[in-house]
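**Student:** For reference, the chains in residue letters:
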Amino acid sequence: MRKTDGCKLFGAYQALAGIKDCIILFHSVVGCHFGTLGLHLNHCPVEIHQASTLMGNKEVIFGGAEAIRQALETVLRESKIRTICLISGCISELIEDDLDAICREYEERLRLIVIHAPGFEGGITEGYEDALLSLSCFLEPKLGTQKWDGRRINVFGLGTDDYCARGDWKQIQNLLGEQVILNPCPPFCSVEDVKGLAQADLTLVFGRGKKLAEYLQKNFGILYEVLPYPYGFSGMKELWKILEQYLECDYSGARQEAEAALKRELLMFYPYMESLYYSNFAVYAEDGRLNGLIRFLEEELGMRKVLAKPLHEPLSMQELDASKAVILFATSYERKMARSRDLPLIRVGYPVLDRVCSSTDTMIGVGGTVTLVKEIINQTLELWSGKDGALL
Amino acid sequence: MGNEREIENFKRSMYPWEILHKFGLNGKIGGSITVVGEMHHAIAVIHGPKGCCFFYRLSAHRRYPYYDLESSDMEREEVLFGGAAQLENRIREIYMAEKPELIFIIHSPVSDVLHEDIEGVALRLKREGIPAVDVKSGCFSHREKDFGSRRMAELAESPAEKRENVVVDFKGCGLTEAMNTLVDEVMVSCPRKSKTFNLEVLLMKGEVYQALPEMLAFLKKFGIQLNCMIPNDPLEKLREAPAADLNIVSRMNWANHMKDCFGTDYLHYRSANRYYGWKGVCLLYRDIFQKMHMDESAFAKLDKMENEYLDQIAEERAFLSQCRVHIMCRDVKTAVQAIHLYAGDFQMNVGRLYLFLTEEDYIEQEIASDVETKIFERIRKTAEIYGVQMKLCRTLDDITDDPDFMTAEVLVNTNDFRFERLGLPVIPSVLLDVSMSYESFLRAARKLVDWMKGKRLHNMLWLNKLGTKEFEYPLYQDEMTLLSRKLWNEMWYE
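Going down the list, the sequences are from chains A and B. Letter 174 of the first sequence, counting from 1, is numbered 173 in numbering that gives the first Met the number 0, and no numbers are missing. Letter 442 of the second sequence, counting from 1, is numbered 441 in numbering that gives the first Met the number 0, and no numbers are missing.
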């Protein structure tokens with residue numbers, strides 16, 4: 000029985016790694032750096048914005064301050080980057096390196112944001128929440144009083160290395176159309192953009208990022224809504240409904256167009272979609288994605304949820320067998336489970352390490368919905384085994 | 000045998016392994032996972048927070064996650080009050096559910112700093128009949144940083160005309176730690192079986208899938224039998240590993256340990272300075288025969304068979320001898336090998352060896368000023384044996400300004416497609432393709448002929464249009480990516 004939950008450090012990384020002109024410096028052992036990097040390369044090998052102080056024997060015994068200084072001096076010497084997210088892992092937290100003192104030493108020359116993310120203090124969601132909240136230091140109260148053009152929203156919840164995250168982000172922008180502007184938000188923004196989070200009319204939280212959303216509400220009066228990840232037409236409709244409710248938009252046209260487009264495209268698959276009706280599915284995903292997926296699969300495809308678990312809870316083979324699921328929505332780490340039962344595995348969330356995706360691949364919106372249905376069908380067809388009578 | 004092994008090699012090549020190692024190095028837990036991941040009915044449990052398990056399950060170099068990795072899931076309470084009890088309970092649960100034959104308990108940096116008594120946990124569990132073993136931690140977190148520079152220093156001292164084993168000991172290899180655990184906890188003394196060997200087959204690249212069965216079949220012809228594959232064979236076979244006359248290993252540290260415990264001699268086949276190219280394969284079998292105390296007739300038979308193998312590719316070698324090539328080399332550790340292979344074994348008409356080293360290469364390959372001269376002298380002397388001129392290049396102009404550059408048909412020994420921009424077709428390296436079996440040499444020769452006959456420049460190659468950094472390692476030219484690389488070099492190579 001195993002969990003697929005990472006630790007706080009991975010969550011912090013997921014929140015911050017995509018931010019341009021800001022480097023992540025792990026104050027931790029070599030494995031944390033290599034691990035996050037290894038899971039990152041599948042999705043974005045061209046943006047590697049991280050390094051490590053590579054804590055070893057010497058740092059454990061004498062403290063890690065010198066290693067941090069060495070790294071910071073390198074940044075100052077070799078680049079114009081001046082914003083660094085210093086993510087402190089298990090070892091530095093155990094030996095209690097005084098990171099605040101280092102920050103004070105360098106505060107004239109660098110913008111250092113310290114995130115305490117030891118793995119023994121929480122999972123990916125906790126790390127993501129704390130890391131995102133740490134960016135609030137960029138927000139200035141006066142920004143909230145300044146006018147901005149149009150209706151603007153923030154969207155939190157995507158992770159840098161979530162499968163199809165970049166494409167999903169673009170899709171969200173498409174879904175908003177011209178009526179609402181999507182603020183560049185972590186992880187797909189710059190340091191400068193983070194300031195702009197305070198200039199929004201609404202924040203949407205897809206499962207995580209609630210702490211920063213609450214901060215924005217408390218300090219800038221920006222309301223927020225927590226939504227399931229917007230899979231399927233129901234996800235799109237819910238998104239539009241919220242925008243209409245809060246921002247007086249009108250997405251009736253977009254709704255009609257999307258429905259028409261989906262009818263047109265899904266028609267291509269309908270004989271196969273018939274077999275999805277009343278078929279059992281299991282889903283093992285992050286909290287934010289879980290409900291969105293369930294809603295889409297149940298309401299739009301007529302499938303039956305027989306098992307749903309968040310990643311921070313373990314999933315066993317026995318549970319999966321007992322559920323009688325015939326298809327599994329999970330991460331790449333569940334591949335062995337799926338293969339052992341010849342179950343189609345539809346990869347969602349993080350980590351997905353045996354698939355690559357481009358910046359336009361998406362799982363939401365019209366295109367993403369079609370892709371998701373296609374993926375369900377193709378993965379199932381791939382597993383046609385021709386066993387026939389041999390099964391008996 | 001069909002094309003399965005080429006297909007497997009191709010699938011395995013599809014992983015951004017090289018770029019990963021331009022920015023980082025794995026913790027030693029990865030090495031231990033490599034060992035356990037190859038075993039039958041064994042499970043690894045990391046005693047640490049859940050993040051270590053989350054990542055190390057990836058087991059990137061295996062190209063296939065190690066799904067069965069478990070964690071003791073240390074949280075704040077375990078950090079404050081100790082995690083031994085939680086670890087024990089977790090292992091009991093695992094054992095009840097899965098009944099593995101062996102449970103490796105792997106230390107994490109956290110459990111090492113807290114000095115958790117994992118040995119005590121293993122002992123208590125064993126008393127209950129649960130086969131748990133402590134993978135003793137020899138070093139904190141990762142391998143010693145100076146391993147690379149020490150290896151370079153040893154190589155610099157190795158005479159150019161000899162193929163001496165370069166021996167460098169180091170701590171912090173998780174693979175060694177796990178293998179030592181097998182030696183200590185699994186293997187038992189047993190009567191020797193004459194003319195048998197064990198083979199350790201971890202972390203081999205392309206050749207293992209093709210050359211390994213050939214090697215086993217070849218040795219059988221001389222009555223030399225495989226005793227067991229370590230650690231891949233079932234536990235009952237691993238237990239009797241000390242029955243073998245010889246260990247043939249990729250990592251010598253654990254083999255040393257096994258020699259200390261059971262007297263089993265070993266041959267370190269991955270010594271980069273000895274077993275490469277055709278002559279390297281010949282040496283490998285001669286060394287094995289010597290270790291096995293084979294008689295003269297076996298050596299005579301070996302000579303004869305080697306000539307027969309060479310006869311099979313007489314045509315190919317004749318063709319290759321007419322090919323005028325330049326060798327492109329970006330790694331000082333393999334320059335000598337490349338010269339021997341292309342100029343010696345394949346008998347190609349080699350004009351130049353371009354040793355192209357940028358500033359980053361000097362850092363990454365740990366070419367310190369005190370070894371630089373010796374290293375280059377070694378390469379130059381080897382080149383002279385075949386009438387090849389070595390040219391040390393720091394920029395591309397150093398290559399293209401050479402009036403003899405365009406006298407060759409191709410550049411060989413490089414997988415870097417970007418060199419096509421210089422105006423010569425590129426032929427990928429076959430250096431690593433030749434290993435462990437004579438057939439691997441024949442295949443490499445035939446592949447080389449095939450590529451030479453089809454040599455071409457690719458005018459529309461997308462790889463060449465993607466904006467990667469000019470002749471440093473292909474990195475995207477993003478300021479932050481380049482800074483990350485600098486930081487890695489600064490912090491690791493210091």
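Hints are not guaranteed to be accurate.
Claimed, not checked - Within a straight-line C-alpha distance of at most 25 Å, the following computed SDA-like cross-link-like pairs (lysine to any residue) qualify:
| no. | chain 1 | residue 1 | chain 2 | residue 2 |
| --- | --- | --- | --- | --- |
| 1 | A | K79 | B | K144 |
| 2 | A | K335 | B | R89 |
| 3 | B | K485 | A | D148 |
| 4 | A | K335 | B | L481 |
| 5 | B | K485 | A | K335 |
| 6 | B | K135 | A | E107 |
| 7 | B | K144 | A | D99 |
| 8 | A | K308 | B | E97 |
| 9 | A | K194 | A | D148 |
| 10 | B | K21 | A | E77 |
| 11 | B | K21 | A | E258 |
In case anyone wonders, no lab produced these hints; they're calculated from the structure.
**Student:** When you check the alpha-carbon spacing of B/K135 and A/E107, does it fall within 25 Å?
**Tutor:** Not satisfied, since the Cα-Cα distance of roughly 45 Å exceeds 25 Å.
**Student:** Under the criterion that the straight-line Cα-Cα distance not exceed 25 Å, is the pair A/K308, B/E97 satisfied?
**Tutor:** 22 Å, holds
**Student:** Holds or violated: A/K335 and B/R89, Cα atoms, limit 25 Å.
**Tutor:** Distance of about 21 Å is within 25 Å: holds.
**Student:** Verify the proposed pairing of A/K194 with A/D148, using a straight-line Cα cut of 25 Å.
**Tutor:** The given pair, whose Cα atoms are some 15 Å apart, holds under the 25 Å limit.
**Student:** Quickly compare the C-alpha distance for A/K79 and B/K144 to 25 Å and report which way the hint goes.
**Tutor:** 29 Å, violated
**Student:** Given the hinted pair B/K21 and A/E258, is their alpha-carbon gap at most 25 Å?
**Tutor:** Violated - the C-alpha atoms of A/E258 and B/K21 are around 47 Å apart, more than 25 Å.
**Student:** Would you mind confirming whether the straight-line C-alpha gap from B/K485 to A/K335 stays at or under 25 Å?
**Tutor:** 38 Å, violated
**Student:** Within a Cα-Cα threshold of 25 Å, do B/K21 and A/E77 meet the stated pairing?
**Tutor:** 18 Å, holds
**Student:** Against the 25 Å threshold, does the CA-CA distance of B/K144 and A/D99 hold or violate the hint?
**Tutor:** Answer violated: B/K144 to A/D99 is near 29 Å, above 25 Å.
**Student:** Verify the proposed pairing of B/K485 with A/D148, using a straight-line Cα cut of 25 Å.
**Tutor:** 41 Å, violated
**Student:** Would the hint linking A/K335 and B/L481 be met if the CA-CA limit is 25 Å?
**Tutor:** 37 Å, violated
Against the hints set out earlier in the document, violations occur for numbers 1, 3, 4, 5, 6, 7 and 11.
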